[in-house]
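Participant: Spelled out, the chains give:
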Amino acid sequence: MTSLYDEVQAAPAAGVEVRRITVNVNGTDRTVDVEPRLLLAHLLRQALQLTGTHSGCDTSGCGACTVLMDGRPVKSCTVLAVQANGREVETVEGLATASELHPIQEGFKEEHGLQCGFCTPGMMISAKALLERNPDPTEDEVRWALSGNLCRCTGYQNIVKSVLWAAKKMREQNQEA
Amino acid sequence: MYPSRFSYDAPTSVEEAVAILDQNGGEAKVLAGGQSLIPMLKLRFASPARVVDINGIPGLEYHSIDADGTLRIGALCRHEDLEFSTILGNFPTLAQAASLVADPIVRTRGTFVGSLCHADPQGDWSATMIALGGKIIAQGPNGRREIAASDFVLGPFVNALAFNEIAVEATVPPAKGKALGGYLKLERRVGDFATASVAVALDVDGDVVTRAGCALAGVGGRTIDANDAISVLVGKTLNEESIKEAAEAVAAAAEPRTDHRGSSSYKRHIVETFVTRILSNIANSEQKAA
Numbered sequence: 071m072t073s074l075y076d077e078v079q080a081a082p083a084a085g086v087e088v089r090r091i092t093v094n095v096n097g098t099d100r101t102v103d104v105e106p107r108l109l110l111a112h113l114l115r116q117a118l119q120l121t122g123t124h125s126g127c128d129t130s131g132c133g134a135c136t137v138l139m140d141g142r143p144v145k146s147c148t149v150l151a152v153q154a155n156g157r158e159v160e161t162v163e164g165l166a167t168a169s170e171l172h173p174i175q176e177g178f179k180e181e182h183g184l185q186c187g188f189c190t191p192g193m194m195i196s197a198k199a200l201l202e203r204n205p206d207p208t209e210d211e212v213r214w215a216l217s218g219n220l221c222r223c224t225g226y227q228n229i230v231k232s233v234l235w236a237a238k239k240m241r242e243q244n245q246e247a
Numbered sequence: 025m026y027p028s029r030f031s032y033d034a035p036t037s038v039e040e041a042v043a044i045l046d047q048n049g050g051e052a053k054v055l056a057g058g059q060s061l062i063p064m065l066k067l068r069f070a071s072p073a074r075v076v077d078i079n080g081i082p083g084l085e086y087h088s089i090d091a092d093g094t095l096r097i098g099a100l101c102r103h104e105d106l107e108f109s110t111i112l113g114n115f116p117t118l119a120q121a122a123s124l125v126a127d128p129i130v131r132t133r134g135t136f137v138g139s140l141c142h143a144d145p146q147g148d149w150s151a152t153m154i155a156l157g158g159k160i161i162a163q164g165p166n167g168r169r170e171i172a173a174s175d176f177v178l179g180p181f182v183n184a185l186a187f188n189e190i191a192v193e194a195t196v197p198p199a200k201g202k203a204l205g206g207y208l209k210l211e212r213r214v215g216d217f218a219t220a221s222v223a224v225a226l227d228v229d230g231d232v233v234t235r236a237g238c239a240l241a242g243v244g245g246r247t248i249d250a251n252d253a254i255s256v257l258v259g260k261t262l263n264e265e266s267i268k269e270a271a272e273a274v275a276a277a278a279e280p281r282t283d284h285r286g287s288s289s290y291k292r293h294i295v296e297t298f299v300t301r302i303l304s305n306i307a308n309s310e311q312k313a314a
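Protein sequence lines correspond, in order, to chains A and B. When we follow our numbering, the leftmost residue of the first sequence carries the number 71, and every step to the right adds one. When we follow our numbering, the leftmost residue of the second sequence carries the number 25, and every step to the right adds one.
Derived by calculation from the structure, the hints in this document are not laboratory data. It is possible that some hints are incorrect.
Partial list, computed: chain A residues near chain B (C-beta under 10 Å) [as the list claims (entries may be wrong)]: (1) 87; (2) 89; (3) 106; (4) 109; (5) 128; (6) 136; (7) 147; (8) 150; (9) 217.
Every beta carbon over 10 Å from chain B, so not counted as near; a handful from chain A, in silico [stated by the list, open to error]: (10) 164; (11) 180; (12) 184; (13) 185; (14) 188; (15) 202; (16) 206; (17) 225; (18) 231.
Just so we're clear, the structure is a prediction, and the values are computed from it rather than from any experiment. Note that the Cβ used here is the ideal one computed from N, Cα and C, for glycine as well.
Here chain B stands alone, though its shape is the one from the complex:
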């Protein structure tokens, strides 16, 4: 399968890349890791007139933590960089998701920020970012702006970027107190789309939850923002009762559809089970640590 013909640019700065996008009025597409875009080009679901390859722009491969604890992930940070990262100790939700993204060969090439931009309803990273209250930094002709992860995905494969903007960075705020969390995903085999997956991120002070975040992938026409649902945990400690209440609330927020991966009720059950499992794991390991 061959993609349709396109013109190819390999800019060496973000400014140059933005200028190319600006001049092409929506007919140009940014290529980062390419692990979603190139398959779409081959299937001709996408046939842009220009492809703007940002892999030659230096200084975007990083992921680093600021003095205040904010995590910054550059546009060319690959999934694999996060999978083998040694600095994600305060970001357990991300650390657990990293090795579950696609398959090992895709992870060498695909990028975190690119995955967010692709806005696949089954994407792992969008779910983690919504649960963590992360932001996307977009750069356009008039400079930079921040977009909250929960406002970034507008629908399936539709993000909030203007045609002449590039997502140059994603940021995740530090936890207030202790950061706890987890990510679980059910897939029929490695590399398949998720049947259902659940991202949970908690800030805990002592043993009281001060912030609770949750998002779901694979169980709706877009990434499901379940932050409101899991907020029943705020002000409480994790125990059998509060975990059950949270799991039921999150499962009710899912919008699964019956398909070849399972029935709607089965997927909802998986969501409830995964929330329970993540929260119970957290409660158990905290108990052991205490």
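Extracted from the complex, chain A is given alone in its bound form:
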């Protein structure tokens, strides 16, 4: 299958506009040539091989492809790659360090927050945005913040528990620090 990115890479057809963009992805500047119509989700998954960001519905409905752009959650299938030029993007790959999981990832492990795992990266990114704004959310606030992310296993109960677990752990870490 030929991807759009492959088409762009292999000498674009005459007259096809290509833009050079630099996006800071998980702390590293990445410079790529893209067609303006390339979506951020495809830039991440195909050009940068960061397949942790999942493409779920492709119609802007499911939230699986959620990433942080300048700290705010966005559906990466609903942002053009050129719009990320000069901005900071954080994907699920940016959560863990080489030695340890992020508390949100730990929470999903401890509370069995995933079944098939497909929606998990988007859930974790939305959770990260929530906890940065509100370190001590109620269960209702967690449900509200995750209401743009669909889980087709319908495992919401444990996802909510996982986020609350992570919130507690992160508050404890902040107190120690």
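Assemble chain B onto chain A, guided by the hints.
Facilitator: Relative to chain A, chain B alone:
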């Protein structure tokens, strides 16, 4: 899904953006939050030759209140900015609608003014703006003009802007007296299109209604302007009788169609129930405050 090919511009001033639109004779499309346009590009419902991204234009993110109480919302004010705003105390209709627009991830990106321009018959903001008697400020090659919200939507996905105009701001006038209102929306799940939604905005002097505004989304081929219907409240106080009369009048103005979200009569019933609920809530909380 990939959009069709398009050329991309990222102007840094409104004047520059307008000039690009003007030079491209209707083949260029403005991209603000993109939460409706990009899905439409992907589905190829839209395939403009040029996309003019206004996100790089500084100074359009604001929402602020003038000395006279007029609310001004810039073209790049995101839904989320209004959801977490602390200055909408005199605009309860807007404040209540803000957290019901789409879903939280769309709200970080999508814009108030963009939603008005998209003119979706199910759009929340168009309904609130019609109920509040708001205006849209359009900027074109020959300067700016004001368009009343009730004249802005011409039909489904059709707005009153010329091809070389950009909606740069929306304004909402201050209430004469006390501003009361509400917004209710029935949706099957978060982010779905509304089965029915109702925006109500009242100006009240003492306990007498001096202005009543209402608009409906999801129950017609365009946003339904129910301002005439709810004007039965003007000069009256809110009581069981006047609320019933208003709710029936507004429900009669709806033009719902039977579809997978419900039957026509069900949707009309929802409208009547929502108007009653909003007005009763207002009456109850005013009574408590008194």
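Participant: Against this structure, judge whether each hint is valid.
Facilitator: Hints, one by one, checked against the model:
no., hint, in the structure
1, 87, "holds, 5 Å"
2, 89, "holds, 7 Å"
3, 106, "holds, 3 Å"
4, 109, "holds, 8 Å"
5, 128, "holds, 5 Å"
6, 136, "holds, 6 Å"
7, 147, "holds, 8 Å"
8, 150, "holds, 7 Å"
9, 217, "holds, 4 Å"
10, 164, "holds, 17 Å"
11, 180, "holds, 24 Å"
12, 184, "holds, 19 Å"
13, 185, "holds, 19 Å"
14, 188, "holds, 16 Å"
15, 202, "holds, 13 Å"
16, 206, "holds, 17 Å"
17, 225, "holds, 16 Å"
18, 231, "holds, 19 Å"
Comparing the model with each numbered hint stated earlier shows that all of them hold.
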